[in-house]
Structures are given as C-alpha cells and as structure tokens.
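Asks: Order-wise, the sequence lines are chains A and B. If you're matching positions, the first sequence starts at 1 in our numbering and goes up one per residue. If you're matching positions, the second sequence starts at 1 in our numbering and goes up one per residue.
Bear in mind the hints are in silico, worked out from the structure with no lab data behind them. Any given hint could be a false lead.
If the Cβ cut is set under 8 angstroms, some of the chain A residues that face chain B in the computed set are [said to hold, decoys possible]:
| # | residue |
| --- | --- |
| 1 | G448 |
| 2 | L450 |
| 3 | S456 |
| 4 | I457 |
| 5 | E459 |
| 6 | A460 |
| 7 | S463 |
| 8 | L464 |
| 9 | T475 |
| 10 | P478 |
| 11 | L479 |
| 12 | D524 |
As a list, the in silico EDC-like pairs of lysine to aspartate or glutamate whose alpha-carbon atoms are at most 20 angstroms apart [unchecked claim]:
| # | chain 1 | residue 1 | chain 2 | residue 2 |
| --- | --- | --- | --- | --- |
| 13 | A | K474 | B | D8 |
| 14 | A | K385 | B | D55 |
| 15 | B | K75 | A | E185 |
Ideal Cβ positions, reconstructed from N, Cα and C, are used throughout, including at glycine.
Below, each chain spelled out in residue letters.
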Amino acid sequence: MIFKKTKALKKTEGAKPDFWTVVLIVSLVFAVCFIGYPFLYLVRNSITDESGALTLAHYAKFFKKHYYMVCLTNTVKLALASTALATLVGLPLAYISTRFNTYGKSFTNILIIISLMSPPFIGAYSWILLLGNVGYITKFLADRGIEIGTIYGFRGLLLVFTLKLYPYVYLYTQGALQKVDSSLEEASESLGVHGWKRLCKITFPVILPTVLNSMLMVFMTSVADYGTPQMIGKGYKVLTVAIYEEFMTELTGDTSFASALAIMVTMCMLIILIIQKTSIASKSYIMSALRPPAERKLKGIKRFLVSLPLYIVGLLGTLPILAIIYTSFRRVNGTRFAEGFGLDSYKNVVYSMGRYIRNTFILSAVAIVLVIIVGMLAAYLIVRKRSKITGLLDVLYMFPYVIPGSVIGISLVVAFNKKPIILTGTFAIMIISYVIRKLPFTLRSSVGILYQIEPSIEEASVSLGVPPMKTFFKTTAPLMMPGLFSGALLSFIEIINELSSSMILYTGKTTTISVAIFNALFRDAYGTASALATILIAVTIICLIIFNKVSGGKSFVG
Amino acid sequence: MSQNILIDKVTKMYDDFKAVDNISLEIQPGEFFTLLGPSGCGKTTLLRMIAGFNDINEGEIYLGDQLINDVPAYKRNIGMVFQNYAIFPHLSVWENVAYGLKARKIPKPEIEERVKEAMETTKIEMHAQKQPSQLSGGQQQRVALARAIVIRPQLLLMDEPLSNLDAKLRIEMRTSIRNLQKELGITTVYVTHDQEEALAISDRIAVMNFGVIEQVGTPYELYTKPRTQFVAGFLGTNTFVEGEIRDGVAYMLNKYPVPAKVSKDYSGQVIIAARPEKSRFASLNDESCISGVIKSQTFLGDFINYEVLLENDQILQINEYLSDDTVVPRGEGTNVRIRFEGVNVFTPDGREALA
Numbered sequence: 001m002i003f004k005k006t007k008a009l010k011k012t013e014g015a016k017p018d019f020w021t022v023v024l025i026v027s028l029v030f031a032v033c034f035i036g037y038p039f040l041y042l043v044r045n046s047i048t049d050e051s052g053a054l055t056l057a058h059y060a061k062f063f064k065k066h067y068y069m070v071c072l073t074n075t076v077k078l079a080l081a082s083t084a085l086a087t088l089v090g091l092p093l094a095y096i097s098t099r100f101n102t103y104g105k106s107f108t109n110i111l112i113i114i115s116l117m118s119p120p121f122i123g124a125y126s127w128i129l130l131l132g133n134v135g136y137i138t139k140f141l142a143d144r145g146i147e148i149g150t151i152y153g154f155r156g157l158l159l160v161f162t163l164k165l166y167p168y169v170y171l172y173t174q175g176a177l178q179k180v181d182s183s184l185e186e187a188s189e190s191l192g193v194h195g196w197k198r199l200c201k202i203t204f205p206v207i208l209p210t211v212l213n214s215m216l217m218v219f220m221t222s223v224a225d226y227g228t229p230q231m232i233g234k235g236y237k238v239l240t241v242a243i244y245e246e247f248m249t250e251l252t253g254d255t256s257f258a259s260a261l262a263i264m265v266t267m268c269m270l271i272i273l274i275i276q277k278t279s280i281a282s283k284s285y286i287m288s289a290l291r292p293p294a295e296r297k298l299k300g301i302k303r304f305l306v307s308l309p310l311y312i313v314g315l316l317g318t319l320p321i322l323a324i325i326y327t328s329f330r331r332v333n334g335t336r337f338a339e340g341f342g343l344d345s346y347k348n349v350v351y352s353m354g355r356y357i358r359n360t361f362i363l364s365a366v367a368i369v370l371v372i373i374v375g376m377l378a379a380y381l382i383v384r385k386r387s388k389i390t391g392l393l394d395v396l397y398m399f400p401y402v403i404p405g406s407v408i409g410i411s412l413v414v415a416f417n418k419k420p421i422i423l424t425g426t427f428a429i430m431i432i433s434y435v436i437r438k439l440p441f442t443l444r445s446s447v448g449i450l451y452q453i454e455p456s457i458e459e460a461s462v463s464l465g466v467p468p469m470k471t472f473f474k475t476t477a478p479l480m481m482p483g484l485f486s487g488a489l490l491s492f493i494e495i496i497n498e499l500s501s502s503m504i505l506y507t508g509k510t511t512t513i514s515v516a517i518f519n520a521l522f523r524d525a526y527g528t529a530s531a532l533a534t535i536l537i538a539v540t541i542i543c544l545i546i547f548n549k550v551s552g553g554k555s556f557v558g
Numbered sequence: 001m002s003q004n005i006l007i008d009k010v011t012k013m014y015d016d017f018k019a020v021d022n023i024s025l026e027i028q029p030g031e032f033f034t035l036l037g038p039s040g041c042g043k044t045t046l047l048r049m050i051a052g053f054n055d056i057n058e059g060e061i062y063l064g065d066q067l068i069n070d071v072p073a074y075k076r077n078i079g080m081v082f083q084n085y086a087i088f089p090h091l092s093v094w095e096n097v098a099y100g101l102k103a104r105k106i107p108k109p110e111i112e113e114r115v116k117e118a119m120e121t122t123k124i125e126m127h128a129q130k131q132p133s134q135l136s137g138g139q140q141q142r143v144a145l146a147r148a149i150v151i152r153p154q155l156l157l158m159d160e161p162l163s164n165l166d167a168k169l170r171i172e173m174r175t176s177i178r179n180l181q182k183e184l185g186i187t188t189v190y191v192t193h194d195q196e197e198a199l200a201i202s203d204r205i206a207v208m209n210f211g212v213i214e215q216v217g218t219p220y221e222l223y224t225k226p227r228t229q230f231v232a233g234f235l236g237t238n239t240f241v242e243g244e245i246r247d248g249v250a251y252m253l254n255k256y257p258v259p260a261k262v263s264k265d266y267s268g269q270v271i272i273a274a275r276p277e278k279s280r281f282a283s284l285n286d287e288s289c290i291s292g293v294i295k296s297q298t299f300l301g302d303f304i305n306y307e308v309l310l311e312n313d314q315i316l317q318i319n320e321y322l323s324d325d326t327v328v329p330r331g332e333g334t335n336v337r338i339r340f341e342g343v344n345v346f347t348p349d350g351r352e353a354l355a
C-alpha cells in the first residue's frame, strides 16, 4: 500500500498558548507578587536602616533588649505549656471516645469541634466575661467569699489555649486510633503483651507520629495567635503582640524593627516545620484498618464515669460560647448592662454596624471562591504538570502556612503602601491576605483529591473531542468539588473569624465583624461585642452543620 | 470511515531512556492490530502517541493521508478505551455515551438516536439511566466501548481493556470486542501483555520488547515461526536447550538430532526451542532421543503436563494428551526419553531464527 505523505496544514491557532500555560503564568505571577515579593520586601526592610544601607542593628536590638527576650521566652513558654496541656486533655479523651461506648458520642464530638472552630479571641473574651474581675463566676464566688486569682496573664492564656486547641490533639488522635487495625493489638495479646503494656508498646507508638503532628499544630497555632494574648495577656507580652505594637507605633515612619520581629517569628515557625518534616513525617505509618478496633461495651456506673470527662471538657470548651450568647441578649444602657433581657445589642449592631457584617460576608465569600479556584488550578499544575516551576509554585503557595497572620498583614502593608501599587486600605488587600492564608489548606486537600482521580478520565474526555480546558471544567473540576467544598467550608469559617491579619490591614471602610468585636471590647461595649460574636458563632455553627451533611454524604472520590 | 495508519521511524524519549525506539508499522483499514509485550516494552507509549497523549520526539504518524504529529488529541477523532475504563463517575451511563456527541454539537435527536444505537450494539441499553458506580466491571467496560464508538472514530485504540476483569468475563468480553470490531469494520489498535488474548483476538500482532518491534505477523505466523528467541518465549511455552548445527542438521546438546529444516547455511552453536505440545515420550531404548527423569506431573483435564529434568539439569515441559485411552500417568522419578515433532532453532544470541 502506498501512503500519500501530504503534510497536514499548519494549525492556524498555533499561536494561541495552551490553557495550562496561561494558568501557570497567572498563578506564578500571583504567588510572586503577593507572597514572594512582600516577604522579601519584609526581609529587606528588616536589614536596612533609614538611609537604605545594610544593617543588622534591628536584629541586634532584639537580642540586646531584655523586653524582647522576655517576649520570646514568654511565647515559647506559653506555646510549650499549651501544647503539653492540650495533649494531656486531648489524648486520653480520644482514647476513651474510640475505645469505649460513651454516651452521646456524636454530641460530644460536635461540642469539641465547635470549641475548635470558634475563634480563640472570642474564647478569651468570654472567659473574661466568666472569670474576669467582674465576671459571672468571679462574682458568684466572690459573693460566697471565695477569691480566685486574676484571669489575665499566663494562667488565662493557658486556659484559653488549652480549651481551644486540645481538639486538634483529640481529632487527630481519634482518626489515628480508628485506623489501628485490631489485628495489631490482637497479635500483641497473642504474644502475651496486654493491658497497659500493650497500650505503651503497640498502640501509642503506632499513633505517636500523628499525635506529634497534632501537637505541632497546637504549638504553631499558639505561637501565631494574636487576638488572645492581646486581650487576656495584659502584662504577659508575647511576640505577636510585640510585633503589632511595634508596627503600630512605627507606622508613620520606619517599620524596620517590626519587620525584623516578624522575620524572627516566621523563622521560628519554619524551623519547627522543618524539624517536623524531617523527623516526624517520615516516621508516619500508613495504615487503613480493615477491621477497626471494637468499642468496649461498658454498663451502668462504669459507662457513666468513662463518659463524664468527655462531657466536662466538651462543655467547658463550649461554655464561653454560651456565655457570649447569654450576654448578647442582656439589656444594655449605653455600654452598661441593665436588668433583664432584650435585643438592644442586636439593634445597636444592626443600626450602626450593618456595614461590618456585610463587609465580612462579602470579603469572605470572594476570598473563599478565589481560594477554591486558585487551589484547584494550582493543585492541578502541581500534580499533573509536574516540573521544577510547578514545584516552586507549590513551595510559594505553601509558605504562608508558617507565617503568622499578623506578619502576612505587615508584609502586604509594607510592600503595597507606596507606588507603583497602592493597595493599603482597600478590600483587595484584605481579600489577598485571606486567600494566601487559607490557600495552603485547600491546596493540600486538592492535591490529595487529585491523586485519587485517574488522569485517564481527562484523557477519555479529550479523546472524545473536548479540548483540555473544557475537559478540566467538565470532568476533573466537578469530581474535585465535593471533597474541596467541605474543606472550603472550614476555611470559610476561619476567614469570617479571622482577626490577626485584619487588625493590621483594616480601615474604617473595610472593618470586619471580628475587628469590630475587638474594638468594641476596648470600648468596653460588651453587649455589642457579644451580639457580633453571636452572629459569628451562629454562622460558624450553620457552616459546621452543612459540613457534616456534605462530608457525610456522597463523595465521588475517596 | 475506517483508516489506515502509517507509523514511520517513531521514537519517544524519556530523558535518556528510549521508550519507543525507531518503530515503523503499517496498519491496514479495518484491521485488528495488537501491540503485545511485557510491561515496560513501550506498547502503551506507542498507543498513547497515536492517541495524542504522548508527543513524538522523532518520526511521523499518519492517519489516512493526514500527518497527525501536531494535531491535538481532541481533534484526532480517535476513540479510546482505557485500562481502568475511565468512565466519568459524575455522569449517568447515557450521559457518558452522549458526552463526545454533545462536544461535537450534534443535534439532539441525532444524539438520542446514535447513543441508543451504540448502547444496543454494546448491549447496555437497559443501564442507560444508571450511575457508573452501580455497574459491574464488565458493564463499565461496555460503557467505555459504547462511548468510544459512538463518535464514529477513524480509529479505535484499546489499552489493556480486559486486564481488570476476571478470567471468565475476560474471554466473554474479548469475543464481544472482536465481533463488534468486525461488525463495524473499524481499524483497531489493541494493547495487551496477555499473549493468549492477543492470539485469540488479533488479525495481526506486533511483539514488542525494550521499545523495538521483535516481529510482526498473524497469530499463526508468530506462534509457529517466531523470528527471535524472545517471541518464541513470549508466545506459548518453550524450553530453550543448547545445541549445534552440523552439516545442516540440528543436534540438541550436540548429540540428539531434532527435526528442524535448517534454512540457512549455518553451522555452530544454536539454541533449540521445544514446545510442550510438540514433545513426545519416546522408547527408552532409543538412544537418539534426549533422556531425563520425571520431576512432577500436573493433571489438567484434557492433558497431563510433566516437568522432566533433562540430563543437563534443565527442566523441559511435555504435554501428554488424553485422547488416546492407552495413556497411563507416569510417576515421579520415572526415567524417560523424549522426541520432538518440531522445534525452532535460533542463533546463540537469540536474535535470528535458523529454522
């Protein structure tokens, strides 16, 4: 047979760049502009003096001044103590709830998740309501002649962080314990190792990497948190508060020292993360239990006693929320509380702060949509178009994971408060900070989901005549959505409750609910603050309910 | 509608590794052509180059008289069936089959009609409204097939489509695929590592190894006249025993003459390939036959498979068919001699057939 070798006509659309090349360029430009450049600018800022000459004076100042060293040790001390306590609370609770037939398991689980998802500064504020100098409990006890110490300072911080962060340890450990195949423990028993010994020799070592990871989450969250120490720390200064104060006092002029502080904190976080990646991550055991361990069926008083700790801690964690809701319905007169209950605070909020509520939801909605789109596309590039450049993209987008919110806020301000790009005071800069802060979470879950979707699904679509871009939106994207959506809901909750970067970036025009709560507290407008916080809590709980429905329902992958 | 394919000196590199090394092939219109080889031999890479999912480093691929090197996959109008079926899990069976037609902006009544027709051809019309997760593996395979043929492709590509099915279904499906292909008369390139499947289904087969084609031919040609030791070993069972050719006669272990028409003027060391079904027990007195001891026997219904430890410590397999009632199973340790009804002979490097 003779084949005619006529060359095909050169494609006319040859000049049009491939869809994924465009996506890659756009995501790289975004990452470099809003993550790489601001952070490098911050670094440069920290090592130059007013004339622009190189100097390490700002770092030297940090180590020389007693005040800052105290901040550093305070931060570390608080984070270590919080981690230890959260573990002591979370670990046994997780064991109890996975291995025993405690009462109302889904109820206690929901209590624990709610205490995790409510913003820590709201927790701090409500503990002030409860245990502050004129708090409900303080007064109640004082009336009976019992004096308790002050909530302000280290003790209060530790209380708030422990109750807010133990759920990390609890949830991670619970997940790990459910994945320990019962054959492992049975094997141990058959070899004669049982009871406590089995627990120490088999069960705990197996879940240890996961527990350490959750402890790391607790540690990093407590280092990065700004709202709680600002509100309840009083004399106990930590680095994030120091950064904020330095930044605010320097705002008119030189931000070099605040930059140096911000870099220091980020470096600490980075070092911790690197230690985790190199030592813990590699030791994780991949397990999927074919036969998860059975719950021990206890009866009567034993069952009650085993369930009790879950209820005590769960209710203690959610007590602040109840206190806030209660407070929000008290009648107010100006900033003072009056007798009885009413909707005064809500009326106040609606009349004077409707804008803040609108801001919060518009900003959060735009941010979360962007997070989903960018996260999905970037994950696709990272998984399916693997190269050095997409590897760099991955690192850039993950970097904000280790940067405290206030540092992200500061880096955006210093980078974009002058020509050529002025973004300070705009909605855009708020959205950008939310997007880059929450992107790491969505990106990681997108990457995980993508690994479970066969590339051949897309190839099938392409071979049926659908071009690559359309193929992505018709096949892979809808397959990723169910998994992504539930993760995005959690990110949405975090964005509406976000404080640390908002505090740096907001202006009167762009004030959000959490900023407004914070400001109300400093005006002692507790009613207003409570009403605003109740709105946040209500939305959070609604989102959690949807999350439960979505993630429990049908999903195409996993 | 059906097209021929010309693959001309095609090469695919992964860094320094040549996955496909300077391959040329012609596939005729309407032909069922199989790429057969062990995993990593480059067969799937070549298939994906035809499909447009792997780019071509060197050489040219023509579909009909059109050079398709630079035609993007979605414009090639090639139907493809994937190893894992790649059914869109978020679409119903009907939507899966209609997917390619909708992309072609075909009017709705025609879509309805063609989808119905494709589903009837593949016998899945009763599953039209189901979700893919409700289907068995074999049914999913039929959906994948319907989806690929409904677009009336110029060419059908199949990448190990049966490897995820159980043995019985595999045989059933391969007959269906073969019948469907003949009915539609569509040029088909099929990839598999299963030699039995390749023999059963193909008009012609290209046996591949290390990115090159060892031999192209009909199943009968490949099985009876393998051109290399690799092909002989890959199709069916063969035991390779050393030997030599003297004066146009092949001797196993340089002593025992075997029936081989040595076509070339060759003398010296060779490799002799003996198949179990061409080996017979000979009289123990016949000293022109190689001797051995029975090591094990496996009863397989229509025949008994023996493993014989030859005098040079190699294991040779013999099938003894039960069509003859006089067959008595031989126990382990029995001394035997073996003659051959036919053998293949290769050069010592295995690259050339001598008989």
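Asks: Each hint should be assessed against the structure and marked as holding or not.
Replies: Hints, verified against the model:
1. Because the closest C-beta pair between A:G448 and chain B is about 17 angstroms apart, greater than 8 angstroms, the hint is violated.
2. With a cut of 8 angstroms, the hint placing A:L450 at the interface with chain B is violated, because the nearest CB-to-CB distance is about 14 angstroms.
3. For A:S456, the shortest C-beta to C-beta distance to chain B is roughly 4 angstroms, which falls under 8 angstroms, so the interface hint holds.
4. A cut of 8 angstroms between beta carbons decides the hint on A:I457: the least distance to chain B is about 5 angstroms, and the hint holds.
5. With its C-beta approaching chain B no nearer than about 6 angstroms, A:E459 sits inside the 8 angstroms limit, and its interface hint holds.
6. A hinted interface residue such as A:A460 counts as satisfied when its beta carbon comes closer than 8 angstroms to some beta carbon of chain B; here the least separation is about 4 angstroms, so the hint holds.
7. The closest approach between the C-beta of A:S463 and any C-beta of chain B is roughly 4 angstroms, which is under the 8 angstroms cut-off, so the hint is satisfied.
8. Given the 8 angstroms rule on beta carbons, the hint for A:L464 holds: about 3 angstroms separates it from the nearest Cβ of chain B.
9. Annotation: A:T475 was flagged as interfacial toward chain B, and the flag holds, the nearest CB pair being 6 angstroms apart, inside 8 angstroms.
10. The criterion of a C-beta within 8 angstroms of any C-beta in chain B is met by A:P478, whose closest approach is roughly 5 angstroms, and the hint holds.
11. Because the beta carbon of A:L479 sits about 6 angstroms from the nearest beta carbon in chain B, less than 8 angstroms, this interface hint is met.
12. The interface hint given for A:D524 is broken, as the beta carbon of that residue sits about 54 angstroms from the closest beta carbon of chain B, more than 8 angstroms.
13. Proposed proximity of A:K474 and B:D8 is contradicted: the alpha carbons are some 35 angstroms apart, above 20 angstroms.
14. The hinted pair formed by A:K385 and B:D55 meets the criterion: a straight-line CA distance of about 14 angstroms does not exceed 20 angstroms.
15. Using a Cα cut-off of 20 angstroms, the hinted pair B:K75 and A:E185 is violated, with the two alpha carbons roughly 57 angstroms apart.
Of the numbered hints stated above, those contradicted by the structure are hints 1, 2, 12, 13 and 15, listed in ascending order.
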